[in-house]
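Chemist: Model the full structure from these sequences, guided by the hints.
Protein sequences, first through last, are from chains H and V.
Just so we're aligned: 48 in our numbering is position 48 of the first sequence, and the numbers increase by one with no gaps anywhere.
Just so we're aligned: 9 in our numbering is position 9 of the second sequence, and the numbers increase by one with no gaps anywhere.
A hint or two may mislead.
Stated by the list, open to error - Simulated pairs of lysine to any residue, SDA-like, Cα-Cα distance not exceeding 25 Å: (1) V:K21 / V:T78; (2) V:K73 / V:V3; (3) H:K21 / V:T14; (4) V:K28 / H:E33; (5) V:K5 / H:R4; (6) H:K135 / V:T14; (7) H:K135 / H:E104; (8) H:K21 / H:H69; (9) H:K73 / H:T14; (10) V:K84 / V:H69; (11) H:K5 / V:D108; (12) V:K146 / H:H131; (13) H:K28 / V:R4; (14) H:K21 / H:D11; (15) H:K28 / V:D148; (16) V:K21 / H:S13; (17) H:K28 / V:T78; (18) V:K21 / H:E25; (19) V:K21 / H:D11; (20) V:K28 / H:F30; (21) V:K28 / H:V3; (22) V:K146 / H:P42; (23) H:K146 / V:V3; (24) V:K28 / H:E25; (25) H:K135 / V:D148; (26) V:K135 / H:D11.
Said to hold, decoys possible - Among the chain V residues that face chain H by a calculated CB cut under 10 Å, a handful are: (27) T22; (28) R134; (29) I142; (30) D148.
Just so you know, the hints here were simulated from the structure itself, not pulled from any lab data.
For glycine and all other residues, C-beta sits at the position ideal for the given N, C-alpha and C.
There are 2 protein chains.
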Amino acid sequence: MNVRKILIAVDNSTCSEKAAKTGYELAKTFDAEVALVNIIEPMPATINQDLTLAPVFLESFDNSEENSHQLLKEIEDTYANGIKTTYLTVVDTAAHGIIQQSDEWGSDLIVIGTHGKTGLYHFLMGSVAEHVARKSACPVLIIPNKADV
Amino acid sequence: MNVRKILIAVDNSTCSEKAAKTGYELAKTFDAEVALVNIIEPMPATINQDLTLAPVFLESFDNSEENSHQLLKEIEDTYANGIKTTYLTVVDTAAHGIIQQSDEWGSDLIVIGTHGKTGLYHFLMGSVAEHVARKSACPVLIIPNKADV
Numbered sequence: 001m002n003v004r005k006i007l008i009a010v011d012n013s014t015c016s017e018k019a020a021k022t023g024y025e026l027a028k029t030f031d032a033e034v035a036l037v038n039i040i041e042p043m044p045a046t047i048n049q050d051l052t053l054a055p056v057f058l059e060s061f062d063n064s065e066e067n068s069h070q071l072l073k074e075i076e077d078t079y080a081n082g083i084k085t086t087y088l089t090v091v092d093t094a095a096h097g098i099i100q101q102s103d104e105w106g107s108d109l110i111v112i113g114t115h116g117k118t119g120l121y122h123f124l125m126g127s128v129a130e131h132v133a134r135k136s137a138c139p140v141l142i143i144p145n146k147a148d149v
Numbered sequence: 001m002n003v004r005k006i007l008i009a010v011d012n013s014t015c016s017e018k019a020a021k022t023g024y025e026l027a028k029t030f031d032a033e034v035a036l037v038n039i040i041e042p043m044p045a046t047i048n049q050d051l052t053l054a055p056v057f058l059e060s061f062d063n064s065e066e067n068s069h070q071l072l073k074e075i076e077d078t079y080a081n082g083i084k085t086t087y088l089t090v091v092d093t094a095a096h097g098i099i100q101q102s103d104e105w106g107s108d109l110i111v112i113g114t115h116g117k118t119g120l121y122h123f124l125m126g127s128v129a130e131h132v133a134r135k136s137a138c139p140v141l142i143i144p145n146k147a148d149v
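Modeler: If you want it as structure tokens, here you go:
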């Protein structure tokens with residue numbers, strides 16, 4: 001397995017901290033570079049009473065982009081330890097966005113955390129990690145939240 | 001990530017060859033040992049006309065165990081290159097058997113291949129890799145059949 005480019009999918013949950021920690025450790029082992037990808041999921045536009053779209057969406061997106069940049073910076077500061085890091089932030093649905101960014105950036109490996117929910121909650125919420133694993137063109141390392149990494 | 005014990009899930013499909021190749025390469029990188037796990041899924045017992053169970057099951061199981069041992073030996077011969085290898089063969093459903101063997105053996109990492117089927121086929125067949133990823137206590141590396149490893 002030739003691992004030169006590791007894409008780590010992160011959000012602001014505890015399970016993505018484990019993914020970040022593991023992904024950067026592997027980057028060090030394989031002398032690889034890292035891309036941190038954070039997906040901003042689109043929210044429904046607000047519609048005014050006169051049926052024009054409210055301007056809330058663009059403003060929220062600007063906020064989201066700023067928050068996303070802040071999140072990626074915190075993760076890099078905590079785990080990168082000098083490893084070359086690229087930030088990828090896009091508006092998309094989570095699994096689709098991760099796969100598309102991975103394909104464009106040319107990842108050799110995707111690292112992603114999961115809560116490992118089962119049953120109804122899992123059925124309702126879907127599972128980003130599973131969707132990514134099913135669609136990815138490269139190997140996917142899934143870090144369960146309960147894993148001791 | 002402390003990787004001392006790597007469990008590789010294999011069957012006689014092409015995608016488990018990629019899992020075996022990758023798993024052994026990682027074992028070399030991390031100086032880890034390997035367990036090859038192969039699950040023999042139970043088949044329905046045949047029932048005689050007088051409602052006694054036909055003895056076909058045990059005989060088939062003996063054959064299956066022999067075939068499983070042969071499969072694991074071929075994989076070890078092809079990929080192990082001197083890395084310490086344990087064989088684990090059990091009768092169980094695939095995902096449950098892999099998780100149970102992994103927990104008992106104390107894996108730090110599970111490596112498993114997947115065909116990445118989607119849609120109706122996926123819905124009907126389920127996906128062993130996804131079930132394993134959802135239930136595992138340790139990180140799971142999923143190798144898509146289309147991955148170039």
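Chemist: Does each hint hold? Answer for all of them.
Modeler: Verification of the hints:
At roughly 9 Å between alpha-carbon atoms, K21 (chain V) and T78 (chain V) fall within 25 Å of each other, so this suggested pair holds. Taken as a hint, the K73 (chain V) and V3 (chain V) pair is honoured in the structure, with Cα atoms around 23 Å apart against an allowance of 25 Å. Restraint check for K21 (chain H) and T14 (chain V): not satisfied, since their Cα atoms lie roughly 32 Å apart, outside the 25 Å limit. For the suggested pair K28 (chain V) and E33 (chain H), the alpha carbons sit about 21 Å apart, so the restraint of at most 25 Å is met.
Using a Cα cut-off of 25 Å, the hinted pair K5 (chain V) and R4 (chain H) holds, with the two alpha carbons roughly 23 Å apart. A threshold of 25 Å between alpha carbons decides the hint, and for K135 (chain H) with T14 (chain V) the separation of about 18 Å falls inside it, so the pair holds. With a C-alpha separation of about 14 Å, the suggested pairing of K135 (chain H) with E104 (chain H) holds against the 25 Å cut-off. Proximity of K21 (chain H) to H69 (chain H) is assessed by CA-CA distance (about 18 Å); at most 25 Å being required, the pair is judged to hold.
Taken as a hint, the K73 (chain H) and T14 (chain H) pair is honoured in the structure, with Cα atoms around 16 Å apart against an allowance of 25 Å. Note on K84 (chain V) and H69 (chain V): the hinted pairing holds, with a Cα-Cα distance of about 16 Å set against a maximum of 25 Å. Taking the CA atoms of K5 (chain H) and D108 (chain V), the gap is near 23 Å; set against the 25 Å cutoff, the hint holds. Using a Cα cut-off of 25 Å, the hinted pair K146 (chain V) and H131 (chain H) holds, with the two alpha carbons roughly 16 Å apart.
At roughly 17 Å between alpha-carbon atoms, K28 (chain H) and R4 (chain V) fall within 25 Å of each other, so this suggested pair holds. Between K21 (chain H) and D11 (chain H) the alpha-carbon distance is near 13 Å, which keeps this suggested pair within the 25 Å criterion. Proximity of K28 (chain H) to D148 (chain V) is assessed by CA-CA distance (about 22 Å); at most 25 Å being required, the pair is judged to hold. Simply put, K21 (chain V) and S13 (chain H) have alpha-carbon atoms about 33 Å apart, too far for the 25 Å limit, and the pair is violated.
Of the supplied pair hints, the one linking K28 (chain H) and T78 (chain V) is violated, its CA atoms being roughly 29 Å apart against a limit of 25 Å. With a C-alpha separation of about 22 Å, the suggested pairing of K21 (chain V) with E25 (chain H) holds against the 25 Å cut-off. A threshold of 25 Å between alpha carbons decides the hint, and for K21 (chain V) with D11 (chain H) the separation of about 32 Å lies outside it, so the pair is violated. Restraint check: the Cα-Cα separation between K28 (chain V) and F30 (chain H) comes to about 12 Å, which is no more than 25 Å; the hinted pair holds.
Taking the CA atoms of K28 (chain V) and V3 (chain H), the gap is about 14 Å. The hint holds against a cut of 25 Å. For the suggested pair K146 (chain V) and P42 (chain H), the alpha carbons sit about 30 Å apart, so the restraint of at most 25 Å is broken. A C-alpha spacing of about 16 Å is found between K146 (chain H) and V3 (chain V), which places the hinted pair at or below 25 Å, so the restraint holds. For a cut-off of 25 Å, the pair hint linking K28 (chain V) to E25 (chain H) stands: about 17 Å separates their Cα positions.
A hinted pair counts as satisfied when its Cα atoms are at most 25 Å apart, and K135 (chain H) with D148 (chain V) qualifies at roughly 14 Å. Taking the CA atoms of K135 (chain V) and D11 (chain H), the gap is near 21 Å; set against the 25 Å cutoff, the hint holds. For T22 (chain V), the interface hint holds, the least distance from its beta-carbon to any beta-carbon of chain H being 5 Å, beneath 10 Å. For R134 (chain V), the interface hint holds, the least distance from its beta-carbon to any beta-carbon of chain H being 5 Å, beneath 10 Å.
Evaluation of the I142 (chain V) hint against chain H yields a held restraint, the C-beta minimum of about 5 Å falling below 10 Å. A cut of 10 Å between beta carbons decides the hint on D148 (chain V): the least distance to chain H is about 8 Å, and the hint holds.
The earlier numbered hints that this structure contradicts are 3, 16, 17, 19 and 22.
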